[in-house]
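Taken in sequence, the protein lines are chains A and B. For the first sequence, the residue numbers in our numbering are 104 to 329. For the second sequence, the residue numbers in our numbering are 104 to 329.
Calculated from the structure, these hints are not laboratory results. The C-beta atom is built at its ideal place from N, Cα and C for all residues, glycine as well. Treat the hints with care, since some could be wrong.
Claimed, not checked - Sample of chain B residues facing chain A (criterion: CB under 10 Å; computed from the structure):
| hint | residue |
| --- | --- |
| 1 | R148 |
| 2 | S151 |
| 3 | D212 |
| 4 | S220 |
| 5 | R313 |
| 6 | L314 |
Protein chains: 2
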Amino acid sequence: MRIGILGTGVVGRTIADGFARTGHDVMIGTRDVEALMARPEPDERGTSSFASWHAEHAAIDVGTFANTGEHAELLVNSTLGVASVDALAAAGSADADGRIVIDTSNPLDFSAGFPPSLFVGNTDSLAEQLQRAFPNARLVKAWNTMTAALMTDPSALADGDHTIPICGNNEDAKARVTELLRGFGWEDVLDIGDLTGARAMEAYVTLWVRLYSAAGSPMVNTKVVR
Amino acid sequence: MRIGILGTGVVGRTIADGFARTGHDVMIGTRDVEALMARPEPDERGTSSFASWHAEHAAIDVGTFANTGEHAELLVNSTLGVASVDALAAAGSADADGRIVIDTSNPLDFSAGFPPSLFVGNTDSLAEQLQRAFPNARLVKAWNTMTAALMTDPSALADGDHTIPICGNNEDAKARVTELLRGFGWEDVLDIGDLTGARAMEAYVTLWVRLYSAAGSPMVNTKVVR
Numbered sequence: 104m105r106i107g108i109l110g111t112g113v114v115g116r117t118i119a120d121g122f123a124r125t126g127h128d129v130m131i132g133t134r135d136v137e138a139l140m141a142r143p144e145p146d147e148r149g150t151s152s153f154a155s156w157h158a159e160h161a162a163i164d165v166g167t168f169a170n171t172g173e174h175a176e177l178l179v180n181s182t183l184g185v186a187s188v189d190a191l192a193a194a195g196s197a198d199a200d201g202r203i204v205i206d207t208s209n210p211l212d213f214s215a216g217f218p219p220s221l222f223v224g225n226t227d228s229l230a231e232q233l234q235r236a237f238p239n240a241r242l243v244k245a246w247n248t249m250t251a252a253l254m255t256d257p258s259a260l261a262d263g264d265h266t267i268p269i270c271g272n273n274e275d276a277k278a279r280v281t282e283l284l285r286g287f288g289w290e291d292v293l294d295i296g297d298l299t300g301a302r303a304m305e306a307y308v309t310l311w312v313r314l315y316s317a318a319g320s321p322m323v324n325t326k327v328v329r
Numbered sequence: 104m105r106i107g108i109l110g111t112g113v114v115g116r117t118i119a120d121g122f123a124r125t126g127h128d129v130m131i132g133t134r135d136v137e138a139l140m141a142r143p144e145p146d147e148r149g150t151s152s153f154a155s156w157h158a159e160h161a162a163i164d165v166g167t168f169a170n171t172g173e174h175a176e177l178l179v180n181s182t183l184g185v186a187s188v189d190a191l192a193a194a195g196s197a198d199a200d201g202r203i204v205i206d207t208s209n210p211l212d213f214s215a216g217f218p219p220s221l222f223v224g225n226t227d228s229l230a231e232q233l234q235r236a237f238p239n240a241r242l243v244k245a246w247n248t249m250t251a252a253l254m255t256d257p258s259a260l261a262d263g264d265h266t267i268p269i270c271g272n273n274e275d276a277k278a279r280v281t282e283l284l285r286g287f288g289w290e291d292v293l294d295i296g297d298l299t300g301a302r303a304m305e306a307y308v309t310l311w312v313r314l315y316s317a318a319g320s321p322m323v324n325t326k327v328v329r
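I would like the entire structure built from these sequences, with the hints used as guidance.
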């Protein structure tokens with residue numbers, strides 16, 4: 104399948120690598136490819152440069168958001184929450200043809216430091232904002248509730264015995280995403296309903312950062328026991 | 104220990120019963136005892152009347168909020184979120200002497216139906232509102248993240264293999280509450296830090312109602328896997 108990943112941070116890289124390792128044809132997109140490739144290493148958060156990461160992941164194509172939108176049968180939004188509407192608009196195709204868009208973003212507001220608050224929530228969500236901006240896209244919220252290292256490798260924690268929630272308005276799109284997640288080893292994919300569930304999934308991230316602090320490691324996720 | 108429970112709904116009754124069964128001296132408090140005892144059975148939500156519940160739990164004293172505040176060495180706030188400040192004010196003693204107050208309430212807003220939104224959140228919480236109103240109380244947020252049937256009986260689900268988060272500003276109070284929770288069988292009491300964590304614990308409830316819907320049962324809780 105031709106997968107397009109929007110966003111070249113740790114989340115985008117991890118998901119791109121996950122899809123590439125499992126036989127998909129992956130392009131990762133950014134606003135300005137030249138600027139991305141020229142970024143020094145490491146960045147202010149200690150992440151290795153994109154260029155050095157890409158040297159070890161040469162099978163993954165790199166393009167602009169527009170190139171990535173043209174490439175993709177399925178898009179993944181892994182840009183920062185504040186940049187997501189613009190990135191999907193630049194990708195162009197998100198709204199074209201009922202394309203599946205997996206939204207991993209979170210509306211995090213770090214303006215008052217750590218832990219972050221949310222710039223949208225309670226009676227709306229970033230996912231719903233995106234869905235309203237691109238009404239023909241079949242948006243599925245997923246992967247926003249955990250650290251990147253678990254996204255395509257759930258077995259890295261407790262043999263994978265934990266849960267990934269998803270939500271969205273289109274049943275077929277959720278079924279397809281569930282199948283892709285199972286391919287990565289997710290045994291407990293929990294569909295919590297329509298896209299208004301993103302209000303809860305995004306708000307959960309404010310708890311996750313506390314769990315991360317309490318556990319002393321980002322390798323923490325919740326198992327929904329029922 | 105002399106325990107005072109504010110609120111006579113299912114949560115208050117369950118916690119009162121839990122403490123009474125484990126040898127504590129419990130009073131459950133309401134605004135108007137006569138009106139409470141006169142309520143018909145069952146109420147609009149199918150809950151049995153307080154009078155019939157109390158007939159089977161006669162060891163638990165019933166009093167006004169003020170009586171309960173006088174009785175209590177430790178207070179539990181199990182009133183509705185919208186009524187919590189007034190209930191604790193009526194109890195009087197919450198602010199008297201660094202008393203431990205376990206806050207189980209949630210700022211649920213059902214004005215737009217189900218699922219509820221929150222009437223305070225993100226950069227504030229109901230627990231913090233209560234702490235500001237009663238600055239000498241040693242507030243511990245706990246028990247707000249699950250259905251009443253699990254609160255004092257975690258083994259009713261998955262042999263108790265799931266998590267109860269707590270938070271608060273006073274380490275001694277959290278240690279005491281942790282001990283009490285362990286007495287009910289909670290093996291994984293997770294301290295997520297100071298009372299600002301209540302923003303996340305209260306917001307989590309919006310996810311919990313979705314998990315409840317997805318699971319088709321309120322007997323659902325999360326295990327924090329780390």
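Hint check:
no., hint, result
1, R148, "22 Å, violated"
2, S151, "26 Å, violated"
3, D212, "9 Å, holds"
4, S220, "5 Å, holds"
5, R313, "4 Å, holds"
6, L314, "6 Å, holds"
Checked against the numbered hints above, the structure violates hints 1, 2; every other hint is satisfied.
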